[in-house]
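S.K.: Sequence:
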Amino acid sequence: MRYLLGFLIVCAVSLGGIAGELREHDGFSFTTIDWADDVLGYQDYIPNPEGVFSRSSRAYAYMEISGFAYDTTEAGYASHLTVSVSLHSASGRRLFRQNDLVDYDAVDKTPPDTIWFYIWVDIPWWTPHGDYTASVLVRDMIGEQEIQHDERLTIR
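Each residue of the sequence shown is one higher than the one before, starting from 8 at the first, in the numbering used here.
Incorrect hints may appear among the rest.
Said to hold, decoys possible - With beta-carbon atoms standing in for the labels, derived distance ranges:
| no. | residue 1 | residue 2 | range |
| --- | --- | --- | --- |
| 1 | Asp-112 | Thr-39 | 18 to 24 Å |
| 2 | Gly-48 | Val-114 | 21 to 27 Å |
| 3 | Gln-152 | Asp-129 | 30 to 36 Å |
| 4 | Asp-44 | Glu-81 | 16 to 22 Å |
| 5 | Ala-76 | Asp-44 | 30 to 36 Å |
| 6 | Thr-79 | Arg-163 | 48 to 54 Å |
Said to hold, decoys possible - Think about it this way: if two alpha-carbon atoms lie no more than 25 Å apart in a straight line, the pair counts; the simulated SDA-like pairs of lysine to any residue are:
| no. | residue 1 | residue 2 |
| --- | --- | --- |
| 7 | Lys-116 | Pro-56 |
| 8 | Lys-116 | Thr-38 |
| 9 | Lys-116 | Gly-150 |
| 10 | Lys-116 | Ala-82 |
| 11 | Lys-116 | Thr-140 |
| 12 | Lys-116 | Ser-64 |
| 13 | Lys-116 | Gly-83 |
| 14 | Lys-116 | Phe-35 |
| 15 | Lys-116 | Asp-157 |
| 16 | Lys-116 | Met-148 |
| 17 | Lys-116 | Thr-89 |
| 18 | Lys-116 | Arg-65 |
| 19 | Lys-116 | Arg-163 |
| 20 | Lys-116 | Gly-48 |
| 21 | Lys-116 | Phe-37 |
| 22 | Lys-116 | Ser-36 |
| 23 | Lys-116 | Met-70 |
| 24 | Lys-116 | Gln-152 |
| 25 | Lys-116 | Ala-76 |
| 26 | Lys-116 | Leu-94 |
| 27 | Lys-116 | Tyr-77 |
| 28 | Lys-116 | Gly-58 |
| 29 | Lys-116 | Tyr-84 |
| 30 | Lys-116 | Pro-54 |
| 31 | Lys-116 | Ala-85 |
| 32 | Lys-116 | Thr-80 |
| 33 | Lys-116 | Asp-78 |
| 34 | Lys-116 | Ile-53 |
Hint data in this document are derived by calculation from the structure and do not stem from the laboratory. Where is the CB? At the ideal position from N, CA and C, for every residue including glycine.
Using the sequences plus the hints, can you model the full thing?
M.R.: The following block contains the structure:
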């Protein structure tokens with residue numbers, strides 16, 4: 008299964024204004040993390056709060072992160088985050104792991120408040136029905152901190 012699961016990440020930065028209003032937590036954190044049936048853009052997705060997906064479908068996870076560190080440079084504000092993902096069976100057996108799936112290293116003209124991204128996986132038709140746990144680990148390479156979130160999903 009680990010070789011047939013394909014993950015894709017899309018990242019974007021939200022600068023100032025709107026993103027600053029979303030921050031509910033101090034410090035490095037996921038401000039939003041949801042299963043979704045589709046993602047259209049920043050804060051524009053179709054939630055799947057139960058995290059139930061069928062075989063031969065596409066499962067999305069939508070996330071927003073805030074509180075990461077950045078460096079001030081001559082070119083602007085530099086941030087550097089990496090994202091690793093894994094999938095485990097209900098018994099805890101690791102089925103898939105991809106370290107540093109995303110290596111987001113960017114310089115922006117204004118201080119970034121939030122970075123949002125989504126991941127999707129195409130669930131193979133032969134995937135056994137059951138409960139699984141997806142883990143997302145985000146490392147702030149500048150601030151030398153990390154956050155992890157584990158979320159259950161069900162294949163029916």
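S.K.: Run every hint past the structure and note whether it holds.
M.R.: Quick rundown of the hints versus the structure:
1. Asp-112 x Thr-39: 18 to 24 Å: 23 Å, holds
2. Gly-48 x Val-114: 21 to 27 Å: For Gly-48 and Val-114 the Cβ distance comes to about 23 Å; the hint holds.
3. Gln-152 x Asp-129: 30 to 36 Å: Holds - the Cβ-Cβ distance for Gln-152 and Asp-129, about 32 Å, lies within 30 to 36 Å.
4. Asp-44 x Glu-81: 16 to 22 Å: 43 Å, violated
5. Ala-76 x Asp-44: 30 to 36 Å: Check passed, 33 Å falls within 30 to 36 Å.
6. Thr-79 x Arg-163: 48 to 54 Å: 49 Å, holds
7. Lys-116 x Pro-56: Since the Cα atoms of Lys-116 and Pro-56 sit roughly 35 Å apart, the hinted pair is violated (cutoff 25 Å).
8. Lys-116 x Thr-38: Satisfied, since the Cα-Cα distance of roughly 23 Å is no more than 25 Å.
9. Lys-116 x Gly-150: Distance of about 19 Å is within 25 Å: holds.
10. Lys-116 x Ala-82: Roughly 7 Å separates the two Cα atoms, so the pair holds.
11. Lys-116 x Thr-140: 38 Å, violated
12. Lys-116 x Ser-64: 39 Å, violated
13. Lys-116 x Gly-83: 5 Å, holds
14. Lys-116 x Phe-35: 21 Å, holds
15. Lys-116 x Asp-157: The given pair, whose Cα atoms are some 33 Å apart, is violated under the 25 Å limit.
16. Lys-116 x Met-148: Holds, at roughly 19 Å.
17. Lys-116 x Thr-89: Roughly 21 Å between the alpha carbons, so the hint for Lys-116 and Thr-89 holds.
18. Lys-116 x Arg-65: 35 Å, violated
19. Lys-116 x Arg-163: It is violated: about 46 Å lies between the C-alpha atoms, which goes past 25 Å.
20. Lys-116 x Gly-48: 22 Å, holds
21. Lys-116 x Phe-37: 23 Å, holds
22. Lys-116 x Ser-36: 23 Å, holds
23. Lys-116 x Met-70: Holds - the C-alpha atoms of Met-70 and Lys-116 are around 23 Å apart, at most 25 Å.
24. Lys-116 x Gln-152: Within the cut-off at roughly 23 Å; holds.
25. Lys-116 x Ala-76: The hint holds at about 15 Å.
26. Lys-116 x Leu-94: Violated, because 36 Å separates the two Cα atoms, which is more than 25 Å.
27. Lys-116 x Tyr-77: It holds: about 12 Å lies between the C-alpha atoms, which stays within 25 Å.
28. Lys-116 x Gly-58: Outside the cut-off at roughly 37 Å; violated.
29. Lys-116 x Tyr-84: 6 Å, holds
30. Lys-116 x Pro-54: 32 Å, violated
31. Lys-116 x Ala-85: 9 Å, holds
32. Lys-116 x Thr-80: 10 Å, holds
33. Lys-116 x Asp-78: 12 Å, holds
34. Lys-116 x Ile-53: 31 Å, violated
Of the numbered hints given earlier, the model fails hints 4, 7, 11, 12, 15, 18, 19, 26, 28, 30 and 34; all others are met.
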